[in-house]
Structure formats: C-alpha cells, structure tokens
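One line per chain: the protein sequences are X and L, in this order.
If you're matching positions, the first sequence starts at 1 in the working numbering and goes up one per residue.
If you're matching positions, the second sequence starts at 1 in the working numbering and goes up one per residue.
FYI, nobody ran anything at the bench for these hints, they're computed from the structure.
Model, not experiment: these values are computed from the prediction.
The C-beta atom is built at its ideal place from N, Cα and C for all residues, glycine as well.
Please note: incorrect hints may appear among the correct ones.
As the list claims (entries may be wrong) - Here are the simulated DSBU-like cross-link-like pairs (lysine-lysine), alpha carbons at most 35 Å apart as the crow flies:
#1 179/X x 197/X
#2 106/X x 27/L
#3 114/X x 43/L
#4 43/L x 259/X
#5 175/X x 33/L
#6 251/X x 114/X
#7 275/X x 259/X
#8 19/L x 197/X
#9 27/L x 251/X
#10 33/L x 182/X
#11 182/X x 19/L
#12 114/X x 33/L
#13 43/L x 106/X
#14 43/L x 275/X
#15 182/X x 27/L
#16 19/L x 30/L
#17 30/L x 114/X
Unchecked claim - Which stretches of chain X does chain L cover? Using the computed rule of at least three CB atoms under 8 Å from a CB of chain L, they are:
#18 207-219
#19 267-277
Given next are the chains, with one letter for each unit.
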Amino acid sequence: MEVRQLNVHTQSNMAIRFLITNTNPSFANTLRRIILAYVPTLAIDEVIIIENTLALFDEFIAHRLGLIPLNSDIELNDIATCEQCEGNGCNACTVTLRLTQETDSKTNLMVYSKDIISDNFEVYPVNDEIPIMKMGQDQRLILEAVARMGNGREHAKWQPTSSLGYQFMPIINVKSGHKFNKQVADSCPRDVLTYNKENQTIDIQNLLACNLCQECVHITNNDITVDADPRQIIFYVETTGALPVETIITKSAEILEEKANEFIESFQKALEDYKDDPRLRRKVSTFERVSLDDV
Amino acid sequence: MIIPVRCLTCGFIVADKYKPFLDGIEKGEKSAKELLDDLGLYKVCCRRMIIAQVDLVDIILPYSKD
Chain X
1 MEVRQLNVHT
11 QSNMAIRFLI
21 TNTNPSFANT
31 LRRIILAYVP
41 TLAIDEVIII
51 ENTLALFDEF
61 IAHRLGLIPL
71 NSDIELNDIA
81 TCEQCEGNGC
91 NACTVTLRLT
101 QETDSKTNLM
111 VYSKDIISDN
121 FEVYPVNDEI
131 PIMKMGQDQR
141 LILEAVARMG
151 NGREHAKWQP
161 TSSLGYQFMP
171 IINVKSGHKF
181 NKQVADSCPR
191 DVLTYNKENQ
201 TIDIQNLLAC
211 NLCQECVHIT
221 NNDITVDADP
231 RQIIFYVETT
241 GALPVETIIT
251 KSAEILEEKA
261 NEFIESFQKA
271 LEDYKDDPRL
281 RRKVSTFERV
291 SLDDV
Chain L
1 MIIPVRCLTC
11 GFIVADKYKP
21 FLDGIEKGEK
31 SAKELLDDLG
41 LYKVCCRRMI
51 IAQVDLVDII
61 LPYSKD
C-alpha cells in the first residue's frame with residue numbers, strides 16, 4: 001500500500017485529498033466508517049440554564065451550543081471509563097464553559113461563539129463568529145455548559161468531518177488514430193478532456209477531476225472508454241475544525257489497530273477456553289470447530 | 001428563525017458565513033454565486049442553507065419570558 005497526497009482543497013487546511021494505491025474498497029470503507037463513528041471529538045453535551053428570559057427556548061439554545069465545534073486536539077478521558085469520577089464528570093473528563101449576557105432597555109444583541117468563556121484554555125470554539133442567539137431588550141441569560149468527549153455513533157455533533165468519501169481512480173482510454181469533434185470535449189462536465197484542433201484528437205488533461213459520469217462514452221459510442229480501478233482509491237476528508245484533518249486520518253487507523261488487537265486477544269482466549277474445557281466441545285457454542293466432513 | 005449552526009445535510013458550519021454573505025449582497029459588488037464560492041460553500045446542501053434562510057428571530061425578539 002502506498003499513499004500520496006494530491007492537494008489541499010481549501011485555503012485554511014480544512015480538507016485533504018489523497019490517493020491510496022495497492023488497496024481495496026473494503027479498506028477504504030473501513031477507514032471511512034471508523035472516521036464517521038469512532039474518532040472522538042469534544043462537544044457540549046449538558047447545559048445548565050441558570051437564567052433565561054429570552055424569547056428562545058432553553059432546549060433551542062442548548063441544541064445550538066452542542067453543534068458548535070470545539071478544539072478537540074487535547075488529552076481528555078472518556079467519561080464512561082473515567083477512573084477518577086466513575087462517570088459523574090470531573091476535570092479529567094469534562095470541560096465547563098460559561099456564557100453570561102445581559103441587555104439594557106435600548107439595544108438588541110447578537111451572542112456569538114466567541115462570548116463563551118472556557119475553564120480550560122485549550123478548549124475553545126473553533127469558529128468565533130457563529131451566532132448562538134439574538135437577545136431583545138432587557139433580557140438576561142446565564143448558563144453553564146459541560147463538554148465531553150464522544151463519538152459519531154452517539155450523536156452527529158461528535159462527528160469530526162463534514163464531508164468524507166472515496167472514489168475509484170478513473171482510467172480513460174481514447175481510441176488512437178480516431179478523429180473526434182469538439183463536442184466530445186465540451187460534453188465533459190468536469191473539463192477532463194481537451195480538444196486538439198490540428199490533429200482532431202482528444203487529450204486528457206485533468207484525470208483526477210473525472211467523476212466517472214460516462215458522458216464522453218455515450219457521445220462517442222465507445223470510442224472513448226472510462227473505467228474505474230478499485231485498487232487505486234482517491235480519498236477525500238473535510239474537517240469541521242474540531243480536529244486537524246491529518247489527526248483524523250491517523251487516529252482512525254489507530255482505532256482500527258486497537259480493534260484488530262482486541263479481536264486477536266479474544267480469539268486466542270476462545271481457543272484456549274475450548275482446549276481447557278472438555279464440556280464446551282460437546283455443547284453448541286458461539287465458537288465451534290467444524291470439520292470439513294460436516295459441511 | 002435564526003441561521004442554523006450547521007448544514008442540515010452534511011454538518012458543515014454555515015452559521016458564521018451568513019453575515020458575510022448578507023454584507024456582500026448589500027455591497028452589490030459580487031453576485032450571490034461568487035459570494036457563496038468565496039465563502040467555501042461548494043456543496044449544494046450548504047448553499048441552500050444560506051440562500052433559503054429567512055430571519056424570523058427579529059419578529060419574536062421583544063417577547064421575553066417575564
């Protein structure tokens with residue numbers, strides 16, 4: 001397996017596109033699903049509203065607070081397995097954030113994510129300009145929010161990515177010696193093909209932009225063929241800002257390794273149990289050795 | 001109501017891009033298409049979040065719980 005970075009999509013390093021060669025779709029899909037479901041990030045999970053005289057409901061504000069991505073590139077225990085507090089929440093597994101705003105009898109006020117004050121200097125909203133709520137005149141809001149680590153299986157607010165996917169490497173074959181017209185190049189919605197006026201031929205200039213739509217195949221009646229190579233996969237990851245893209249990818253591979261090791265351990269344990277306990281052999285259990293004659 | 005924090009379909013953060021979009025429209029130098037492209041909203045799902053937004057929060061603003 002070999003990986004090659006293709007390009008960083010946006011100015012602010014929010015997305016990455018890379019090519020994996022000598023691989024298969026199963027591996028790429030495993031990586032994708034682990035990133036979506038298991039890479040942990042930090043998000044506000046519990047909101048204690050002390051005072052709220054706004055026109056907006058408590059639940060509405062709490063929901064919006066939960067969706068704000070917080071910087072998650074820190075070491076924080078998982079609350080479910082935290083040894084110090086046994087799941088009740090402590091400094092090792094949760095971060096408290098505060099928000100206090102008041103308006104006088106003249107002005108309205110938009111409250112932004114930058115107004116949130118965090119107890120931990122490493123934890124802060126990634127985007128400063130997210131509007132959380134709008135306050136009318138003579139209104140008051142005091143709240144305390146508790147952020148914790150979680151993963152995408154629990155709630156989508158903990159997903160580290162906003163766009164994530166892969167595609168197979170396109171293989172475009174243009175029939176050599178054949179004369180084409182300009183319409184063929186124009187038919188491509190991604191500008192992959194260019195028309196060479198002198199020789200009346202078609203050149204491929206931007207292969208990686210091809211989305212395998214087959215438009216050029218239909219228009220030329222198979223004089224151009226477009227195939228996909230499932231052993232070469234173009235992977236695209238775009239982060240919400242909670243974690244850097246590179247961290248998301250390396251972390252997903254680490255989680256895969258952890259899961260594989262866990263499987264090896266329990267599998268070996270099952271083998272030993274089977275050897276040690278003669279009664280298990282007679283029972284139909286979840287783990288049973290089947291001889292080829294039985295099948 | 002008020003602009004949603006994330007795109008309902010993909011989870012992209014759209015809330016912080018709404019005000020720059022409105023400001024840009026008011027200036028009138030760029031078209032809505034160019035503004036959306038500049039703000040990094042390249043997916044259709046995120047673009048509709050901004051285009052289809054109606055700010056109703058100002059109407060309910062005076063009604064407090066007192």
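Going back to the hint list, which numbers does this structure go against? 5, 8, 9, 11, 13, 14, 15, 18 and 19
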